[in-house]
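**Student:** Kindly generate the complete structure, drawing on both the sequences and the hints.
Numbering that gives the first Met the number 0 applies: residue 0 is where the sequence shown begins, and numbers increase by one.
Among these hints, one or two may not hold up.
What the hints assert, rightly or not - Derived SDA-like pairs: lysine to any residue, alpha-carbon spacing no greater than 20 Å straight-line:
1. Lys407 to Ala379
2. Lys422 to Gly370
3. Lys422 to Thr397
4. Lys407 to Asn364
5. Lys407 to Thr330
6. Lys407 to Gly363
7. Lys407 to Gly394
8. Lys422 to Ser355
9. Lys407 to Asp368
10. Lys407 to Thr362
11. Lys422 to Thr375
Hints in this document: simulated from the structure, not taken from any laboratory.
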Amino acid sequence: MATYDLTRTQLDAALTHNFDAQTRAAILDYLNDAHAFDPKVTVDNEPFPANSNADIFSVQSTFATVNTDDPPKVILANTSQNVTLDIVGHHDVLVATGPGNDQILLNDSGDDLVYSGAGNDVVVGGNGADTIYGQGGNDLLIAGRGGGSVFGGDGNDTLSGTSGNDSLYGGNGNDLLMGGTGRHELLVGGNGSDTLFAGTGNDTLVGGSGNDQLHAGSGTDSIWGGAGNDTLYGGSGDATLNGGDGNDSILGGSGPHQLLIGGEGHNTLIAGSGNDTLVAGDDGNVLRAGDGNDLLLGGHGNDTLYGGSGHASLQGGAGNDYLFGGSGDNTLSGGGGSDTLYGGSGHQSLVGGSGSDLFIAGTGNETIDGGSGHNTLIFAGSFEDATISTNTHTGITTIAIAGGPTDKVEDVQTVIFNDNIIKLS
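**Tutor:** Following this line, the structure appears as structure tokens:
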């Protein structure tokens with residue numbers, strides 16, 4: 000019986016050839032043998048240790064059960080037929096299939112390496128830390144229960160984690176990646192427009208270059224949209240969602256504390272039901288508070304911030320921002336630009352900042368501090384219905400509208416009613 004030494008490069012090259020089922024002519028170029036395919040093979044690189052005396056087993060039927068406890072450690076099914084392989088045993092094995100629509104069931108405990116070929120394949124990992132390459136075709140790839148890595152390759156693939164700490168990489172197609180029950184899983188979409196679902200652990204999801212949808216789960220997840228125009232969903236845990244590049248939509252979930260970060264682009268950030276923090280990028284973002292006690296932070300661009308029904312804090316930042324009070328007892332701070340602040344229906348505090356700001360009184364009782372600059376306040380009511388008084392010690396002017404709100408105002412120079420304009424000293 001002949002013995003051969005193959006490098007990993009030579010073995011990979013052999014697996015890319017279509018060899019005849021009877022003569023195995025193509026692969027014989029690498030083995031330099033004119034007879035049947037029966038030698039022992041020593042592989043000198045990963046995944047096998049050096050000088051391991053691994054057998055090669057060639058599958059010519061459409062179904063085979065292979066026990067890795069009786070080597071082979073290399074299983075080749077390079078045929079155009081649809082092949083089903085049931086792998087059992089306890090040792091590591093390399094499996095490579097051809098262009099058919101194949102099924103590979105790893106019912107073993109080894110740390111296996113699988114190349115599923117060009118067809119629409121199904122690969123189910125075993126109890127080890129398996130590495131699975133889908134390559135071409137629209138594949139269904141399920142990670143091993145001992146962790147490991149799954150690569151979709153070309154095609155629109157479905158990748159699923161299990162109970163291990165899995166790493167799932169979508170590849171070039173429009174892929175679906177689903178985390179499992181592992182404590183820490185990594186899901187990476189790739190070049191297509193992918194959909195990623197975190198599992199129950201503390202997972203990391205990365206979108207890639209397409210227009211992706213990324214869903215946080217019940218754990219403390221980290222979500223990054225990547226380069227496309229992505230949509231990120233908060234889930235029920237304490238998630239961190241970063242849109243990355245592109246014009247993204249970031250939607251908070253039901254988790255108690257979530258962080259939403261706009262990144263580059265014109266983004267929309269919407270808080271969920273918890274106490275969330277929303278951080279705008281520098282290109283002009285829209286931020287909406289929810290039902291909780293949210294913190295909204297504008298960036299260097301011209302942002303629009305909306306208060307919700309909770310106790311939210313809205314901070315405009317450096318641009319010329321628009322801030323809307325909403326129905327809660329919210330605090331609005333314009334920041335450095337020439338901002339426009341709209342009071343809402345709650346008991347609210349409006350602070351202008353360093354620019355020349357415009358305040359629109361709401362229906363609730365408000366405290367308005369114009370800050371520096373020349374500031375203007377607009378009421379919807381009539382001047383005749385207003386009672387105005389100024390405390391000479393504090394400099395605070397009280398403006399009460401008959402049948403309406405009462406506002407306390409300072410550092411505002413001009414007040415506009417629907418029938419009159421007055422100046423405050």
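**Student:** Determine for every hint whether it applies to the structure shown.
**Tutor:** Against the structure, the hints come out as follows:
1. Lys407 to Ala379: With Cα atoms ~16 Å apart, Lys407 and Ala379 stay inside 20 Å; holds.
2. Lys422 to Gly370: With Cα atoms ~16 Å apart, Lys422 and Gly370 stay inside 20 Å; holds.
3. Lys422 to Thr397: Holds, because 14 Å separates the two Cα atoms, which is no more than 20 Å.
4. Lys407 to Asn364: holds, 8 Å
5. Lys407 to Thr330: Holds - the C-alpha atoms of Thr330 and Lys407 are around 14 Å apart, at most 20 Å.
6. Lys407 to Gly363: holds, 12 Å
7. Lys407 to Gly394: holds, 10 Å
8. Lys422 to Ser355: holds, 15 Å
9. Lys407 to Asp368: This hinted pair holds, its Cα atoms lying about 8 Å apart.
10. Lys407 to Thr362: This hinted pair holds, its Cα atoms lying about 13 Å apart.
11. Lys422 to Thr375: holds, 9 Å
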